[in-house]
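Visitor: Sequence:
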Amino acid sequence: MANKVKLTHRAAETVAVQALSFIASDPERLGLFLASTGIGPGDIRAAAREPLFLAGVLDHLANNESVMLAFAAETAHEPASILAAREALAGRDWERDTP
21 MANKVKLTHR AAETVAVQAL SFIASDPERL GLFLASTGIG PGDIRAAARE
71 PLFLAGVLDH LANNESVMLA FAAETAHEPA SILAAREALA GRDWERDTP
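If you want the numbering used here, it's the position in the sequence shown, counting the first as 1, plus 20.
It should be emphasised that the hints constitute simulated quantities derived from the structure, not laboratory data. Do not take every clue at face value.
[Unchecked claim] Listed next, with one range per pair, are the computed distances between beta-carbon atoms: (1) P61 / V25: 28 to 38 Å; (2) A68 / T28: 30 to 40 Å; (3) S56 / P99: 15 to 25 Å; (4) E98 / G60: 10 to 20 Å; (5) E98 / G62: 26 to 36 Å; (6) H29 / A66: 17 to 27 Å; (7) K26 / E48: 24 to 34 Å; (8) G51 / E85: 29 to 39 Å; (9) G60 / K26: 31 to 41 Å; (10) E85 / S45: 11 to 21 Å.
Where is the CB? At the ideal position from N, CA and C, for every residue including glycine.
Please take these sequences and the hints and turn them into a complete structure.
Guide: As structure tokens, this is what we get:
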């Protein structure tokens, strides 16, 4: 893929932390996030230090298109860069060898 967006790990973490802040800024979005992840509100701060948790935040956005598009509009991130951040944090930065 010639046009694939690539982000550094630090840039990906920044996108994920922004996404977490966006989710936490709205009680309905936060409730959906807590329900879908099973994490308790008191555990978020500690979990946010872990790259795989941050990847999970971006997974949550990717699985909720309307929330992802709202986040993209509010932060001026392209959806492709949000997905690239998810890949960078999850350590899945690879391309298929076969067509």
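Visitor: Compare the structure with each hint and give your call.
Guide: Against the structure, the hints come out as follows:
| no. | hint | in the structure |
| --- | --- | --- |
| 1 | P61 / V25: 28 to 38 Å | holds (32 Å) |
| 2 | A68 / T28: 30 to 40 Å | violated (18 Å) |
| 3 | S56 / P99: 15 to 25 Å | holds (19 Å) |
| 4 | E98 / G60: 10 to 20 Å | violated (32 Å) |
| 5 | E98 / G62: 26 to 36 Å | holds (33 Å) |
| 6 | H29 / A66: 17 to 27 Å | holds (20 Å) |
| 7 | K26 / E48: 24 to 34 Å | holds (33 Å) |
| 8 | G51 / E85: 29 to 39 Å | violated (18 Å) |
| 9 | G60 / K26: 31 to 41 Å | holds (34 Å) |
| 10 | E85 / S45: 11 to 21 Å | holds (19 Å) |
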